[in-house]
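Student: So the chains spell out like this:
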Amino acid sequence: MNEVILIYLVTLLLAWPLGLYIARIYQTGSAPLDRVFLPIEKGVYKLMGVNPNVDMHWKHYFKILIIFHAFLALVVFLILRFQGHLFLNPDQIPNMSWDLALHTALSFLGNADQQHYSGQAQLSHLAQGTGLVTMQFVAPAAGIAILFAILRVLFKTKENVEQGLVGNFYQDMIRAIVRLLIPLAFILSVILTSQGVPSSYQAAAQVETLESSEEQAIPLGPVSPMVAIKQLGTNGGGWYGANSAVPLENPTAISNFFEAMAIMLIPMALVFALGYFSGRKKLATVVMGVMLSLSVVSSSLAIYSENQPNAATAEWSHQANMEGKEVRIGETATALWGAWATQTGNGSVNGMHDSFNPIGGLVVMSNMLVGAIFGGIGFGLVLFLAYMMLAAFLGSLLIGRTASFMNKPLEGHEMKLLAMVFMLQPFVLLVFSGLTLAMPALSGISNPGYHGVTQVIYEYTSAFATNGSGFEGLGDDSVWWNLTTAVTILLGRFVPMFLVLATVVSLVSKKATPSTRESLQIETPTFALVIILLIAFAFLSYLPFIVFGPIAEWVSLINH
Amino acid sequence: MKMTNTQVFWRDVPMRQVFWDSLHRFMPNRLINQPIIFLVGIGMTLSFMTTLYYAALGQAWGYSLSISLTLLVTVWLSNFSIALAKTRGRVVASRLIQKEQKRIAKLWHSQGETTAVPVTQLKRGDKIYVEANDIIPLDGEIVEGMATLNESAVTGESAPVLRQADSETSSVTAGSKVLSDWLIIKVTHPVGTSVLDNLMELVENKPRQKTPNEMALSILLNAVTLVTLVVVLGMIPASQYLGLELSPPILIALLVCLIPTTIGGLLPAIGISGMDRALKNRYLAKSGDAVEMAGSIDILLLDKTGTITTGERRANELFEVGHMPKQTFYQAAYNCSLQDETIEGQSIIELITPLNTDMGEPNVKRVIEFSAETRLSGVDLEDGTRLRKGAVQSVIQWLKSQNKFLSPELEAQVEGLVEKLARKGRTPIAVANQDQLLGIISLKDVIKPDIKLQVARMRILGIQTIMITGDNPLTTATIAADAGVDDFIAEATPEKKLDYILAQQQKGYRVAMVGDGINDAPALAQADLGIVMNTGDAGSRKAGNIVDLESNPAKLPKLVKIGKQLLITRGALTTFSFSSDVAKYFVLLPALFSASLPAIAELNFLQLSSAENIVLSALIANAMIILIMIPVAMHGVRFHAFNTHLLMSKNLFIFGVGGFILPFILIKLIDLALISF
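Top line first, the protein sequences correspond to chains F and S. Offset between the first sequence (1-based) and the working numbering: plus 3. Offset between the second sequence (1-based) and the working numbering: plus 4.
Worth flagging that the hints you see were computed from the coordinates, not collected in a lab. It is possible that part of the hints are untrue.
Listed next, the stretches of chain S that the computed footprint assigns to chain F, with coverage defined by at least 3 CB atoms under 8 Å from CB atoms of chain F [stated by the list, open to error]:
no.	stretch
1	24-36
2	224-231
3	243-253
4	507-516
The C-beta atom is built at its ideal place from N, Cα and C for all residues, glycine as well.
The task is simple: from the sequences and hints, build the whole structure.
Tutor: Structure (structure tokens):
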């Protein structure tokens, strides 16, 4: 209990100054440590051959983002497909199948890091240490870039916005990587290495185990840098198949504390950054208030659930549910990690979500269905803005004003775009889940019945929320799963980005109505409540499937 | 749920007509205008077909039939609410048309006799006769006669004007009052071209245009509906995978329970009722968004005359100038006002009479009527004295034309006096004889008694009131202070009004303008909301988007409230609909499982009977909620002007929590009723 409060507090306290720092990075004028970073950035721009000083039209901005991602995806796809023939492959790992390579490349690109493979066994050092790690920096940076493009539209210079200019994509990307992600990942990587996480290019160590006389290969590699950015960048794709449950990725209590904190650090810091960047601290307080209260409720439920006896064996044992958990980590720390990694778009694990009690399983799935408790880096706030705009629509009506957000009228066009944002998720999830369940031959569900339903929906939910955590036990390395989840990730990541950007651009191009006593006040607790209710309403449309899965399972278990 | 008033909403409404109209609305081409209800209609059709199929196979079909019938009622209730709102509007409109038809004009026949005919029957080119104290019923052209008119209702200028045939001033405007003499007028703008047409439109059953706000809300509701549709369709494979049996009627019932039918079904009725309520308050809205806009305006431009002041001026003080004896000035002022039948003239007599008891009656040789050109009136007496009164500059001009000039000292004195009066909001008029200026009479605008209250009400609603007047700034400032308005535009010209509106709109304010003269038309057209007085001329009526049939700007706060109410009702019923859908989820989902998973019965906390009964109960409850909410849609949610958070919290609480609780209660009661059958 105390350690949970402690980690919340420490993360909040660190996120605060970090938020200020991030806001300064994206404000015009000088930023902290320009003397160190500017030359590096200039070098990068020169290397890429781009001009970072041209403001881009929003459509162009988004187009460059897509081209940039597509190029990167192609490179990584090729590395994965041909890693067997390439260098830095001391353990002679073979080429990946085309569908798995495609899924892996797109999944890391989309900040989901859903893994249908086991890293240490199926990836070369080159693939993990360069290809995937690069994506793990680019994906969160792209989230931050799109967030600030949107915030600029909402809060910054009018004349630029009238021409649809939103900033420079290259600058936004590179700044996030150079000034934020690399320094933080470096610090965390050093801490993790000090705790014993491997950081080498050696081949697997051959050790003689106590149990048998046979030798066991312990795969090594540049693990700690990857783990650092995996935690910090709401990525979640680890070096080893079992992620941070493996002692080599997460050896000590200290490493567990820092890795858990890293999950939440930047998502929280971005809310502070929103306040500093927009100059509307009250607005940031409302956002933080909503996110934090949802987070606390979700974490508490998960921790409560995992402190209960395992639902399946409750008759025999009254101890907390330790199935699928590391004894050295324990039920509370595992539950908290599970909650945090799904409240954000992280999806790393230090225990198996599959083995959580039904309520714990429900919590992690619900977190991802909401997608905006903190959400993926940048991306979560973008989704949250969409929720806010919907809440503003309803809130305006409730006080008898024609609908507006930030004093700009919300009309048919904006509502159409927002409606698409919120319709996309159920469409994608339920169409794919429905198809999978209708054709069980494709799905490779390991558990029949309610748990099986949960597994399927969880897999698509995790993909759509670009979370990437798995309700393991699913035979998910098949063409069907690889392709459908890859499509889900792409839709879940890039379509909402585009729609929200288009919404705010359309919104601000309209005439502002000045704020009067009579207009909707969005910086109030009442408005926060409207947002929470809307989030709850959107979430509850999945209730049938939650009942089909975790709740039915729970009820059937307690009445066993 | 609080209603705006306790009057029952079906009073005076021909229910038979409502009923037939509601049946007509089952036609698919009309039903499709409400996509949510259209979806229910499709479900209903499928459900009836399933019933037939079951019956043909000899399976039990009673349950499926009950579902189908409940769906039929659900669709019908939505149709009924629309038909009711429409018919109510028609009742009010036809009553107003009757009233308009009772307005009588005297139709002039060439032989010199007149017949009384309803104004509505007059056509372009008909000739009408008006005499003193008549209100000119329609715009027209004078063909014969000459008369003084008070056009203050139209132009805002309260001074009487002379109108006569075959001159530049031969056109007359509806709403002007004949003060003296008579006229024969050829009608140029019959009634039918404006108000009556709009009223007739309400009576006819024309399809209604959705307002932008309604459209945006529809998009949101349609999205929620589509999501629910996908969820319910997705349940088919999921339930099959789990080996659960979900029959088509149950799936359809589930879908209908979970989509926002309450708001989807009542949305059109809410909009129509808003217009009905406006019409009941004698506001004829040309479109639904005009009423909505009324709820969102920030600034209201009001003409001074007729709105803030009565349009009349009364003499309140007398100032002799130079070394003029009081007696001489008073006598002159008295003499030249005696023939002046305007309120101004009469008030001068009233003011002077008690001050000077031995006032001799003058021997009038000739009366000089006020003319708009010279802006003077007066009398020529038998003894050769010529007396004139009128605007100070005009009188001085007249003196100059007689080669009489004011001494510099006198000029300074007059100037000082004029300024002093203007600062007090008075209008000075000068009195002179053929030789010299005699004195100044101060005229005071009569401020309407309740205007302060109305302006204060507007302020509570968050609306700034701006007074527009042709007066000079000093005069205007005083009247503005007396009336308590927030700001004013003095010396307003049509361009100035238009510029002001544009400037405020540039800043993002939503501006409403009340006008009645033809010169207001550009401003009325530019304003977000143009409210036109029914007495106004045809041009301005065309430019505005709401006609005030009573021509009483004092009831504007009512219109603002109706607009806000309309939006709040939409928001409140949406909230209600959403929360009741959530509530139904909690009842229905355990029901679906209880068969295959007895354990889930524990979640059936309402202790409801069988799964089939629960689904049917929920569906019936769903229809009943529409019925219960019809009065709310008709009357609108009560609006109180207070703090917006409080308003939002209150509506969230009443409709959010209410919407969550009501389904549980209803479903439990219906379930009990179903068991007892």
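Student: Taking the hints in turn, state whether each one holds.
Tutor: We went through each hint and held it up to the structure:
Proximity of the stretch 24-36 of chain S to chain F, defined as three or more residues with a beta carbon under 8 Å from a beta carbon of that chain, is not established by the 0 residues found. Counting residues of the stretch 224-231 of chain S whose C-beta lies closer than 8 Å to any C-beta of chain F gives 6; at least three are required, and the coverage claim holds. Residues of the stretch 243-253 of chain S lying with their CB closer than 8 Å to a CB of chain F number 4, which satisfies the three-residue condition for coverage. Given a C-beta distance limit of less than 8 Å, the hint that chain F covers the stretch 507-516 of chain S holds, as 6 residues qualify and 3 suffice.
Violation of the numbered hints given earlier is confined to hint 1; every other hint is satisfied by the structure.
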